[in-house]
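Below are the chains, spelled out letter by letter.
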Amino acid sequence: MLQALMAVFIAAAPANARLYAADGGASVLTYKVVHKLHQVNAEARSVEAKALLAGDGAVQVMVRVPVASFRSGDANRDEHLLEVVNAGAHPYVAFKGVAHLDVPTTLPATIPLQVKGELDFNGVKNPETIPVTMEFNPDGAVRVKGAFSFSLDRYSIERPSLLFVKIDDDCAVTLDLVFKQVGP
Amino acid sequence: MRPALLVMMLLARHATAAESTPAETPQPPAPAPTETPQPATAPAASSATPPPPVREPVPAVPSSLDFDLLGTPPPPTVNVDADAMRRRRTLLSLHQGFGIALATLMAGSIVTGQLNYSDRFSGSSTGRWERPHTLLTFSTLLTFAGTGALAALAPVPLDQESRGFDRVRLHEAGMIGATLGMISEGTLGILTAHNEGRLGQARLADAHMAIGYTTLAFMLTALGALVF
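So the protein lines, in turn, are chains A and B.
Under the working numbering, the first sequence has 174 at position 174, and the numbering climbs by one with no breaks.
Under the working numbering, the second sequence has 153 at position 153, and the numbering climbs by one with no breaks.
Watch out, some of these pointers could steer you wrong.
Partner residues are not named here, just some residues of chain B that face chain A (Cβ under 10 Å, in silico) [unchecked claim]:
#, residue
1, 68
2, 73
3, 76
4, 77
5, 80
6, 86
7, 100
8, 104
9, 164
10, 166
11, 168
12, 171
13, 198
Simulated from the structure, these hints should not be mistaken for lab results.
Predicted model, so just to flag it, every value in this text is computed and none were measured.
Ideal Cβ positions, reconstructed from N, Cα and C, are used throughout, including at glycine.
Using the sequences plus the hints, can you model the full thing?
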């Protein structure tokens with residue numbers, strides 16, 4: 001019965017909806033945190049992401065990254081990250097969002113977009129809005145660039161300290177994802 | 001439950017009809033299929049044309065966040081021992097506190113050592129700095145040993161990949177140099193004290209002072225590697 005229902009829903013999908021998946025080799029997600037004495041930049045390339053673009057311009061997107069995949073150039077610091085974000089219990093950081101865009105009629109096209117959704121980090125979910133720019137390329141690929149920041153305290157992350165001075169509460173994230181169409 | 005499912009199927013069917021033939025009058029719903037579900041776009045059976053590339057089925061687009069495009073995440077490739085992580089953090093936080101105390105004591109040892117050297121070999125040799133220097137150096141040695149033990153006892157809960165020469169490696173290299181300096185300092189300090197009044201004492205004191213400053217340089221390098 002469940003399989004039959006799923007078949008009905010899949011058949012009911014708009015004919016021109018398109019499913020995209022991030023190209024893992026070309027996509028990167030970075031974070032930056034600041035301490036009084038220096039700042040730390042780290043990047044993750046093990047990015048899983050999919051986006052569903054409906055014919056009416058409705059967009060669903062989901063991004064997931066293992067927290068252990070971030071590299072700051074200092075393995076000891078990356079281990080500390082796993083401690084503070086409780087990676088044993090919550091090994092992934094994930095974002096799920098929706099948006100609406102005017103589907104471009106000519107390519108290439110660049111479209112700014114506000115993706116409203118929910119960030120799931122350290123087992124805490126909070127609403128976030130991520131401004132992105134979508135570059136629709138003639139080869140069918142879509143490059144999504146964006147940046148946003150969030151409060152570490154809001155995600156119950158005990159901020160690490162150096163010389164008894166904690167890092168700033170603000171964590172800046174940038175994303176550069178290259179999507180390729182995988183569904184009709 | 002059954003009426004709710006029927007309503008959902010009716011809505012889904014209606015959406016399909018509206019998408020494909022908007023001008024047509026909606027047809028009454030057909031009963032739900034009972035056979036094995038088929039993909040939305042089945043390839044045409046033709047021997048002349050190659051089959052189209054396999055595409056993933058596309059789910060319907062709801063406006064809420066009640067969707068899951070990625071499915072269940074794979075098990076993490078890095079297994080994290082949470083207890084070991086907590087223990088490590090506690091010990092390394094203490095290590096940091098001890099390190100700051102050590103740097104302060106080391107600075108005190110160097111200052112009193114220099115004052116003692118100046119007093120004994122170019123001053124009136126009152127010996128007034130000898131006791132403070134001795135107290136500070138023994139305190140420095142004890143704190144140094146405690147700081148090192150805290151770092152050594154911190155568990156390494158992850159299989160560390162090869163990480164090259166990073167800040168922590170520089171910190172460790174600096175502290176290995178400082179350890180060698182501490183051992184030399186202790187030995188030379190005792191030798192210098194036992195050579196009181198002999199001609200070679202000044203040369204031993206010179207070496208003791210030079211190694212003291214070198215040890216301080218190693219420690220500052222180790223500290224700076226983490227701080228800056």
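How about residue 80(B): closest beta carbon in chain A under 10 Å, or not?
-> For residue 80(B), the interface hint holds, since the closest Cβ of chain A sits about 4 Å away, which is under 10 Å.
Interface hint status, residue 68(B) versus chain A (Cβ within 10 Å) | holds (7 Å)
Under 10 Å, Cβ to Cβ, is where residue 168(B) needs to be relative to chain A, so tell me if that hint holds or is violated.
-> Residue 168(B) check passes; min Cβ-Cβ to chain A is 4 Å, inside 10 Å.
With a cut-off of 10 Å, does the beta carbon of residue 77(B) approach a beta carbon of chain A closely enough for the hint to hold?
-> Because about 7 Å separates residue 77(B) from the closest Cβ in chain A, which is inside the 10 Å limit, the hint holds.
Taking 10 Å as the limit, does the beta-carbon of residue 198(B) come near enough to a beta-carbon in chain A?
-> Not OK, violated: residue 198(B) not within 10 Å of chain A, min 44 Å.
If you take the shortest Cβ to Cβ gap from residue 76(B) to chain A, is it below 10 Å?
-> This hint holds: residue 76(B) lies near chain A, its Cβ roughly 4 Å from the closest one there, short of 10 Å.
Interface hint status, residue 166(B) versus chain A (Cβ within 10 Å) | holds (5 Å)
Proposed interface contact between residue 73(B) and chain A, which counts if any beta carbon pair is under 10 Å | Cβ of residue 73(B) sits 5 Å from chain A, so the hint holds.
Could you check if residue 104(B) really has its C-beta closer than 10 Å to a C-beta on chain A?
-> It is violated, given that the least Cβ distance between residue 104(B) and chain A is near 12 Å, above 10 Å.
Status of the hint placing residue 100(B) at chain A (closest C-beta pair under 10 Å) | holds (7 Å)
Closer than 10 Å between Cβ atoms is the bar; does residue 86(B) clear it against chain A? Give me holds or violated.
-> At about 7 Å, which falls below the 10 Å cut-off, the nearest Cβ of chain A leaves the hint on residue 86(B) intact, so it holds.
Per the CB criterion, is residue 164(B) less than 10 Å away from chain A?
-> holds (9 Å)
Violated hints, in rising order: 8, 13; the structure is consistent with all others.
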